[in-house]
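Student: Sequence:
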Amino acid sequence: MKNDKHAVRHSSADLTAMFEHGDSESDWDAVKALTDADVDAAVATDPDEADLEIDWSQAVIHPESRKKIVTMRVDADVLAFFREQGRGYQTKINSVLRAYMDHAREEPDRPLRSGGTNSRRSS
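Position 51 (the sequence shown) corresponds to 586 in my numbering; numbering is contiguous.
Just to be clear, a hint being listed does not mean it is correct.
Derived lysine to aspartate or glutamate pairs resembling EDC-like cross-links, with alpha carbons at most 16 angstroms apart [unchecked claim]:
| id | residue 1 | residue 2 |
| --- | --- | --- |
| 1 | K567 | E584 |
| 2 | K627 | D590 |
| 3 | K627 | E599 |
Bear in mind the hints are in silico, worked out from the structure with no lab data behind them.
Throw the hints in and build the complete structure from the sequences for me.
Tutor: Okay, structure coming up:
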């Protein structure tokens with residue numbers, strides 16, 4: 536992002552202040568007015584979300600295998616969530632990734648999507 540001349544960085548405090556002062560192009564009143572049914576309908580018609588309901592509750596922590604040390608960019612809130620789980624959070628992240636991989640291998644004809652609604656890339 537250092538080389539992206541169009542990228543703008545804001546701290547959490549800046550974003551909170553901007554939100555409180557109404558410095559947003561989002562129609563937050565319209566967002567607040569959405570019901571759960573409205574959100575569910577929007578998700579159901581979003582092609583990026585089609586058939587993507589994966590139940591992670593059955594993810595299993597596998598015994599130690601040969602691990603590789605990697606550097607990986609993860610959204611701050613995702614990392615914070617796993618760190619809040621306490622000791623072993625990296626193992627839990629690996630377990631979720633393994634469950635996703637196993638699920639994808641069970642349905643090899645189903646293409647895996649990239650990006651999606653949580654993607655930080657813009658087209």
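Student: Evaluate each hint against the coordinates.
Tutor: Hints versus structure:
1. K567 with E584: violated, 22 angstroms
2. K627 with D590: holds, 15 angstroms
3. K627 with E599: Roughly 12 angstroms separates the two Cα atoms, so the pair holds.
In terms of the numbered hints stated before, the structure departs from hint 1 and from no other.
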